[in-house]
Amino acid sequence: MKLVELAARLEVEFSGDPEATVERVSEFERSEPGAVTMAVGARRGRLDSARASVFIVESTGVTEEERHTYNLLLARNPKATFAKAIHLLHVGCQAGGGIAPDFIIGEGIELGDEVTIHPRVTVGRNCRIGRRAVLHPGVVLGNDVAIGDDTVLFPNVTLYEGVTVGQRCILHAGVVVGADGFGFAQENGHHVKIPQIGTVIIEDDVEIGANSTVDRATLDVTRIARGTKIDNLVHIAHNCRIGEDVVIAAQAGLSGGVTVGRRVAIAGQVGVNPQVEIGEHAVITGQAGVTKSVAPNDVYAGTPITRLRDWKRERIVAAQMPARLPQIEARLAALERALALLSEEEPE
Amino acid sequence: MKLVELAARLEVEFSGDPEATVERVSEFERSEPGAVTMAVGARRGRLDSARASVFIVESTGVTEEERHTYNLLLARNPKATFAKAIHLLHVGCQAGGGIAPDFIIGEGIELGDEVTIHPRVTVGRNCRIGRRAVLHPGVVLGNDVAIGDDTVLFPNVTLYEGVTVGQRCILHAGVVVGADGFGFAQENGHHVKIPQIGTVIIEDDVEIGANSTVDRATLDVTRIARGTKIDNLVHIAHNCRIGEDVVIAAQAGLSGGVTVGRRVAIAGQVGVNPQVEIGEHAVITGQAGVTKSVAPNDVYAGTPITRLRDWKRERIVAAQMPARLPQIEARLAALERALALLSEEEPE
Amino acid sequence: MKLVELAARLEVEFSGDPEATVERVSEFERSEPGAVTMAVGARRGRLDSARASVFIVESTGVTEEERHTYNLLLARNPKATFAKAIHLLHVGCQAGGGIAPDFIIGEGIELGDEVTIHPRVTVGRNCRIGRRAVLHPGVVLGNDVAIGDDTVLFPNVTLYEGVTVGQRCILHAGVVVGADGFGFAQENGHHVKIPQIGTVIIEDDVEIGANSTVDRATLDVTRIARGTKIDNLVHIAHNCRIGEDVVIAAQAGLSGGVTVGRRVAIAGQVGVNPQVEIGEHAVITGQAGVTKSVAPNDVYAGTPITRLRDWKRERIVAAQMPARLPQIEARLAALERALALLSEEEPE
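Protein chains in written order, with my numbering: chain F, 1 to 348; chain P, 1001 to 1348; chain U, 2001 to 2348.
Pulled out of the complex, with its shape left as it was, chain F reads as follows:
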């Protein structure tokens, strides 16, 4: 692709030779002619050390000399532009298309145009599969499942009965959506299963990482809103409501009935207690235990959960205690001895 076309498709300006040819994306350090790479931070100062044909740089502060020496894509957000360049140059060639001859389906299925269904896919009754959706080998859909246009289900994904997945979603291998919520009543010392007859709705543009699990609601809906991104091995329990554009990192776990506001960021291995509410734009740092609801727009850490700045202060003091405590007690003892001495000296 020529630089002029690449710039147009990435919707950024460029400088340099419009006819320069770009065939692939590469890392800065290993770039070769024919590649486009990104140069931000310290790398911006040493464009001459890389062999790429085109550099994505921040649009501000470009010198006249840089404009004359290099082919540049001038981006307001170089990282996002780089991501789009990868999309443009590398993605989209994997699926052969078409429907495998061994496709096993129930009655009443609706298949959109241009779906790709790999071998070993099993689909229950009354499912709807949107246009250009891709179902990889081993995917299993229960009855009454709906999948939106352009959604990709990687191998061995299981969607239980009645689950709905929106458009442009990506569910990685081994994801399970719609298994029973973990709910039991107590009776005579035994756990009696509370049947889970709700469902799961995953809205558009959601990505879920490998082997993550999203449970169906007891009676109602477990919902993951538009644009939310979930990493590997994450657990979302029954009746959770995850807002838009949330990020949840690997191995985090949300208990039943948790509400997560839009644009919240939850780091790896975080645990969240049942029924807790996490306010919009809040950030929960790694391994924290969200033991109670937290307000929007702040950063939290620790178990029990507290504001990050308080947690840091507490951690610093705690680390100092083995040294500071004996000092305090020594000073106390010295004072006590001195005072005892003084009292003895007192003219009685």
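Some hints could be false.
What the hints assert, rightly or not - Below, in silico cross-link-like pairs of lysine to aspartate or glutamate (EDC-like), each with a Cα-Cα straight-line distance of 16 Å or less:
id, chain 1, residue 1, chain 2, residue 2
1, U, K2193, F, D150
2, P, K1193, U, D2150
3, U, K2002, U, E2027
4, P, K1079, F, E187
5, U, K2084, U, D2150
6, F, K193, P, E1207
7, P, K1193, U, E2207
8, F, K79, F, E27
9, F, K193, P, D1150
10, F, K2, F, E13
11, F, K193, P, D1204
Since the hints were made in silico from the structure, they are not lab data.
Got chain F; can you put chains P and U on it based on the hints?
Just chains P and U now, with coordinates in the frame of chain F:
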């Protein structure tokens, strides 16, 4: 189903119109005619705000007016009765029944009456599958696996060779039972695999959540006793012995050789050290690290593990330290200054 | 099926009796009349020792005598032709060694000698599968995957496009290798996917536990070096580099770009921050949060990470604080009172 029949099948008394018809279960707030719902707590006082045909209420303290105005199911344990009502009205209709034509089996298999085997199921040699068992698509059984009556294996469950699962168990999608325990010997700086030739026995009425893993024992048996319920993404290592009616929440992990007493409750993301013993009826709170054996009948928290009340006290003090410590040191300094002053003033 | 028809359907030339009948595929050593088998390598020189009616051989170097003595299918890629023959001739049930009749493969596959491919296995284009490798039911390989000799993939393992696995590796059921790394750029408050076009290389003698996940690198390689052993439900993010002979216990999680030195031991439920480096022979104890890089040859604990001996000291003091702090404050108050008394008594 008529109210009189519903009450009989739920084994509770009722009041109101025996001919009232119930077709489904619903949430209190959204209930419609034809539904049965549960009214406990604050909802009990506002039965008139719901449109359900029948209410499950606690059997004590029902007024004469309530008896005349509403159709009631009078339960000693409303939650358990509600759970049974869901079972009765909603579950059991999903599978078409029968054995898929592409069922791949080894020699010597025994199939119980009325088993349902979905497409894409693979079963090794000498397996026994109990009556009315359901094997969903993608299930794989190694050789010599036994599954009890009425047990359900959801899609893509894998049972390794020799594993035994009891009656009325539910294994959700992606569960793996019987993979090798994680055991290695050291030799010349390398890890030499210790072959894991034991097995796993899962007793009756056990439920295991999506993508959880239970490893086979090194030589003996990893055992999960009757009635135990395990959530998603839980790890049970080799040679663990889990007692009856235990509950283990999502993402908890048990190291090798752990013993868990009956009716223990382990919360989410708890980790348990190798060979530790958790006494009967103990409760381990979320994210705790069970670094040593703990006594029965108490509640534990933190890493290293401690009694919950001690952990709470410790956490409160730790949170106060950033404020209290400077105060203490200021008071010490003031005392030291005052004492120095006094000493100077002393008539020497 | 007659030889002439078989050759046509396999799209290869043949020599011998066009009317020769072939009913099934069999292994070379056990072949009987009516079977087609493959003769490559050492077997090519001893066609007379087998009883098959038809042999699939490489099309080059066929002697005039061979042409006259045997019925031959002359294949450019005998293994691929053999695989297609299995597909063509076998419908229905089979298990045990050899290659299952329902093996679904893309073009250009290379199969080593004595591979075992169970039913329900799906393999993409241009894959290489080493000698004596075993692929259990439900295994899915994307395009361009390479698997070394003697490697075992247990049921429902998924290897995404382009992944490489070395020799003598064991990947337990449900393992996912090569799913997209969790990388997003921010744009107008939304998360824009950064395509992950790198890959994963797993070297020789690696074992990975059930349902663990290893993500592909963004542009480069996620690498797990020789001899490393990984337990169940472990998460290895994009661009991690794990050294040789490392041990990682269950439910540990490594963020993006983590470097782990050789012979490191990481205990269960440990979390590691992005870009952190763990020095050789370091030991990280259970549930620790490796918040920054740590030096070789030491033992670490806690979140934030610290040396084990410091962490222990800190934990001991923290546990004592609820008792020691009130004592300190009582002694302070006593001193303050005593001093006040002394000051009052002072002759002013």
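Report the numbers of all earlier hints that the structure fails to satisfy, in ascending order.
3, 5
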